[in-house]
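So the sequences go chain by chain: A and B. All letters in the first sequence, in the order written, are residues 1 to 301 by my numbering. All letters in the second sequence, in the order written, are residues 1001 to 1435 by my numbering.
Derived from the structure by calculation, the hints contain no laboratory data. Every residue gets a Cβ at the ideal spot worked out from N, C-alpha and C, and that includes glycine. Do not take every clue at face value.
Computed from the model, here is a short list of chain B residues facing chain A with C-beta under 8 Å [unchecked claim]: (1) N1115; (2) M1117; (3) K1206; (4) M1207; (5) A1259; (6) T1261; (7) S1263; (8) N1265; (9) V1395; (10) S1396.
Far from chain B, some chain A residues (derived; all Cβ distances over 10 Å) [to be verified]: (11) L81; (12) Y115; (13) A197; (14) G201; (15) T203.
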Amino acid sequence: MAEEKKKGFSFTSREKNEFIWGWLFILPTIIGLVVLNIIPIINTIYQSFFKTGDFGRGNIFVGLQNYQKVFADKEIWQALLNTVRYAIVEVPFSIAISLVLAVLLNKKIKGRSVYRTIIFLPMVAAPAAIAMVWRWLYNSDFGLLNHIFHSKINWVSSPSIAVYSIAVIGIWSILGYNMVLFLAGLQEIPGDYYEAAEIDGATGISSFFNITLPLLSPTIFFVLVTRVIASLQVFDLIYMVIDNTNPALGKTQSLVYLFYRYSFVNKNIGYGSTIVVVLLLLTLLVTVLQMIGQKKWVYYN
Amino acid sequence: MKKRSLAVSVVMGLMALGLVACGGSKSSSSESTASGSGEQGASSDELSVAIWDTNQEPGLKEILDDFTKETGIKTKISVVKWNEYWTMLEAGAQGGSLPDVFWMHSNESERYMSNDMLLDLTDKIKASDKIKVENYPGDIWGLYTYNDHYYAVPKDVDTIAIWYNKKLFDEAGVPYPTSDWTWDDLTETARKLTKSDGSQYGLAVKMDNNQAGYYNLIYDKGGYVISDDKKKSGWDDPKTIEGMNILDTWIKEGLMPSAETMSENGEEVLFQSGKVAMVPQGSWMIASYKANEYTAQNADIVELPKDAKTGKRVSLYNGLGWAAAKNGKHTEEAWKLIEYLGSEPAQKKQAELGVTMSAYKGTSDAWVKSANFNLQAYLNMMDDMVIRPYSRSTVSWENADNEIITKVYTGELTMEEACKQMAEQMNEKLAEEQK
Chain A
1 MAEEKKKGFS
11 FTSREKNEFI
21 WGWLFILPTI
31 IGLVVLNIIP
41 IINTIYQSFF
51 KTGDFGRGNI
61 FVGLQNYQKV
71 FADKEIWQAL
81 LNTVRYAIVE
91 VPFSIAISLV
101 LAVLLNKKIK
111 GRSVYRTIIF
121 LPMVAAPAAI
131 AMVWRWLYNS
141 DFGLLNHIFH
151 SKINWVSSPS
161 IAVYSIAVIG
171 IWSILGYNMV
181 LFLAGLQEIP
191 GDYYEAAEID
201 GATGISSFFN
211 ITLPLLSPTI
221 FFVLVTRVIA
231 SLQVFDLIYM
241 VIDNTNPALG
251 KTQSLVYLFY
261 RYSFVNKNIG
271 YGSTIVVVLL
281 LLTLLVTVLQ
291 MIGQKKWVYY
301 N
Chain B
1001 MKKRSLAVSV
1011 VMGLMALGLV
1021 ACGGSKSSSS
1031 ESTASGSGEQ
1041 GASSDELSVA
1051 IWDTNQEPGL
1061 KEILDDFTKE
1071 TGIKTKISVV
1081 KWNEYWTMLE
1091 AGAQGGSLPD
1101 VFWMHSNESE
1111 RYMSNDMLLD
1121 LTDKIKASDK
1131 IKVENYPGDI
1141 WGLYTYNDHY
1151 YAVPKDVDTI
1161 AIWYNKKLFD
1171 EAGVPYPTSD
1181 WTWDDLTETA
1191 RKLTKSDGSQ
1201 YGLAVKMDNN
1211 QAGYYNLIYD
1221 KGGYVISDDK
1231 KKSGWDDPKT
1241 IEGMNILDTW
1251 IKEGLMPSAE
1261 TMSENGEEVL
1271 FQSGKVAMVP
1281 QGSWMIASYK
1291 ANEYTAQNAD
1301 IVELPKDAKT
1311 GKRVSLYNGL
1321 GWAAAKNGKH
1331 TEEAWKLIEY
1341 LGSEPAQKKQ
1351 AELGVTMSAY
1361 KGTSDAWVKS
1371 ANFNLQAYLN
1381 MMDDMVIRPY
1391 SRSTVSWENA
1401 DNEIITKVYT
1411 GELTMEEACK
1421 QMAEQMNEKL
1431 AEEQK
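Excised from the complex, chain B in its bound form (with noise of 0.2 Å):
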């Protein structure tokens, strides 16, 4: 009797502990080996090779199967969604055992190289015959550059533009939006494609789309995210507050789904069942939407809107970069392989798969050919671009950004009022950042 209730209190003890010790083993990861040879598992010869979009597996196998049908180096490509990809690179990095070749971005990339995770690149770009640095956006080298050094290749760059449903526009006797219209117009145009009883929306930008949705609408009045010191916040610019008091519109009207439907489904699954009409999107969506029999069939993309008063058209732009773990066991062959992937023909095929544009200069031409949408407005789009406002701690600050806009959509907050806390939340967190 005494002995049972004490292995009662054991196991239960022990069970309150497994708490303390439960680390991040949760990661949705789907894995699949691209040379073919049907093993699973890393065997110590093959590279591995991680990314987050599974849009982008199919046509990078593609890339990665041409690169080991040249070297005779196998690869391993494994997708692991964004946020446990940022969990199992954090925990391969402290643990010593980051994959071999990943995708590096903006918003973690200074963490990474300011603590030496990643491969030191400078010399090998020096001496490499296929990577030339003028051939690719100095921006987005900047994102991957550390005192001078730079911590991977640049792999694409990305737009804004905007997609529309042909079929509700025709429903509605709404002309297709043109390369010209304003915010005014898309607002306008907005109004005309919502319907009352809720069954369909004008358009859809998610609390936490910023880079697609409302930083856009910030840059074109003039305002700003970050300083370029990267010490202060531009949320409590008035410009800023400006541009949001768009998207304000758009709430107070009732244009855009509720926060509630938006959280649970999402712009891509609101636009491609019909619910919504417009939504911005960034160029790396392509591949979703090409893949679904009925935004293929009914959507096209327009370039976002001017601004009438300023009447600018920014884009907010980035790009990711191929990086390398420092410490792995086959550095000489990551860099193959980066070398390879940053090449001219890999690049161009990355571009012509419709994988996404590609940073290489000069491949966007095969790019606009690769889907039966007007992929020249995301070409048209990098005649004014802003990257995508970072600074060491992008991840912290935006997403207490997003929690505070959420607050405005659901009617607790004035944009006025989100706009100082989220300028207030961030000077914190950059202050912090200086210590």
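One chain only, chain A, in its complex shape (with noise of 0.2 Å):
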């Protein structure tokens, strides 16, 4: 201590406990952060540069050339087309059904909790095991919908719909989690706005318009940019619902498949990851526009 002191150091003994303690807290989530997230984003960025070889040995380092190939790929460009597709699907209906069921379910109703549980349970369930179902739902020779409408459509084959049909499926099931966000949030406004307003004579539409949603825009400004960033990395619905054979697969696989499929498949794990990184750069992108854009419409107090 006397040592620290005559070295100038200025921790009280209060301090340091303090800084031991705190910094042993995150040590958890810091490793975990640099062992899981930090080292394979170096890793697949690194990767980026170079034709991989097989297993990983011999990698010849070829500069920017994946990324040119990616920039003149059509493939890339229409699974950028069809990932921005199923994000302008799912996100917004995500979020407006699931802020109308939120108020619903914020009111005094009877039954509230169950309705609650029930809405939530699709995100309880395994997403393999959704999109199972769902791809039998969709199954146009023996599927359910396509049974109760006597319809003869190709949900998931045809290569027009099949994006649409998969966001629905997303949209199934993320509207639980964004539910719950949107209660919390609404949990936080004050009833008082809502009884000064009534005594005004407001709707209970223009309250919601008035009250609610400016209040509520925090949260909503976070589950829509949550909500776009997973969209934008969608993989196991396609995955699972689409065979590889379907001839509408060209028109869904996002970027994140096409990453799989070279990176796994093909093997190119070089190709893969300069497709990954490109998405990075784009998500980044579009989240950096967003928490500008947030300045014109969301209100933290």
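These two chains come separately, so use the hints to put the complex back together.
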């Protein structure tokens, strides 16, 4: 102690204690982040400059060649378009529907927690199981949907609609999660605002737009940004529902799907890494734009 | 307020990064302990065994149990579906944690052998009194030999034949096919069995069914898919295109379900639900058709048709091998297991149980009796066989082929255009291999 003071450290014993304990507490998280996220990220970026050999051996440095190929690849642009199509459907609908559900289930109605549980249930089911069930619902020959509607629609194998069919699954499975976040946000809004509005003669709808929406906007913003990121990363639904001989594959495969195919099926890890780095940059760009845009519509107080 | 939006951006930044970090953690696998010890999780004295075919699991488990009884070495088998199997193996190879014993396939064997991932079995085979090279088909050894070293012991062989639905034939009043039929006969039969309302089709050959499907047409016509030196694609050979034009007829005349239907359901499901009357399938499918009540009752097998002009009746064939990890912890035990699985008694049992045809010569008679179908048809197809086309990057060009040919099914390309495109992309990839 005395020595430390001499050297000019101004830590009191309490501060030192807090310092050590503080780091100790976040250490598990930091280790997790470094091992599971940071190192793989650096590795991925590194690999994107290589023509990778089998089993990670014999990598050849190719500079920006992979990037040139990615930007010249029509398949990649199509996949980007597919991904955007998916996001454009999934994000707004999942937010709008779950917002309405949250507002309805925030009122004191009978069996409220039962409804909440039911709507949250898809979130508990494994994505693979969800995909399998929907795959059968959508099946054009034996599926329930076509059976009920007496139609013969190729829900998941017609190139023009398959991506939207998949987005519907996405919406359905994320509703409950969004709803829970919105419920939490709704419960932070003080009840007096509504009472005051009621006295001033506001209807339920106008208080929804003038009180609920603005005061919920931080939560909406959070859900929006996380959903956009998640939907740009859509993979498992496509992988499970769309067979690799499906004629609609070209018009449904997302960037992450392509990443999977190049990295794990065709064993071209360098090219796969490049795709995913491009997606990372794109995601960051979209997110930054949203952060800037939030100033226009998000109220933090 | 500032703090909150900062926290939000940190969370979101991490989410975005999380993607880049995501590896291949998706593998739907079912694991079970074969030794009956009931323990979950591979304990250090258990040999891990990996395969991809659920249909073969029960039979193989019995054989593994016999092995445990004989040697006291416990095994643990896990079944991972084909696509995930190779992802798992790739990751295992790279990370030094391959299963102890696993199936190898001609699509991938060269990559694993040339990168020294597999246990070299050459000396062990030489010293073994159970494994004699001459007892197994030479071509299958060929798939698992690199620089004159053996890296796997043949597990099985497979050939192709046509499955047909007797019930649908009876209903249409069409006589059952016989072994002397031609491809023209098959087309004619398919026409008779196709109903115009789309409730029933003559046959189904899925877009990616090359080995059991259209490859056979190509070789019957004298065409080829890959040259012997693995440097040139045969897709643009006129004879190859001639063979593929038979498939084109089936597509154009609507004798097969649409590409959409086949991609959603698969030939197996369509056949087992009585939607298609005929389907070419490999001998490895027996277990599945035997287990299905409908096909067990209504289906039977006939040899592939001959080509009327060339008189040829070729069956593509292939065979899996049992391989072991080079850097495994139990290579001695792993070899013992492979030796056992390749030995005559185990190979015979595999045939008797109807798991698959066995690679060991002279075990086929036992296999013919393993199910109530005309399995002899598969044996008869062994008279003229061509090994499944392969090279170092088989997977890569095969997948691209499948994508292109799907466009013929959907009418976006003519067969000739597709064949030219397939040749082009394949030649590109083969040239890449030579580098």
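Status of the hints after comparison with the structure:
1. N1115: 5 Å, holds
2. M1117: Since chain A brings a Cβ to about 7 Å from M1117 of chain B, closer than 8 Å, the hint holds.
3. K1206: 6 Å, holds
4. M1207: Since the shortest Cβ distance to chain A is 4 Å, the answer is holds.
5. A1259: A1259 of chain B check passes; min Cβ-Cβ to chain A is 5 Å, inside 8 Å.
6. T1261: Holds. Min distance 6 Å.
7. S1263: Check passed: Cβ of S1263 of chain B comes within 4 Å of chain A, closer than 8 Å.
8. N1265: 6 Å, holds
9. V1395: 7 Å, holds
10. S1396: Interface hint status for S1396 of chain B: holds (5 Å vs cutoff 8 Å).
11. L81: 18 Å, holds
12. Y115: At about 28 Å from chain B, Y115 of chain A clears the 10 Å cut-off, so the statement holds.
13. A197: Fine: 24 Å to the nearest Cβ keeps A197 of chain A off the interface.
14. G201: Non-interface label on G201 of chain A holds, nearest chain B Cβ at 32 Å vs cutoff 10 Å.
15. T203: 31 Å, holds
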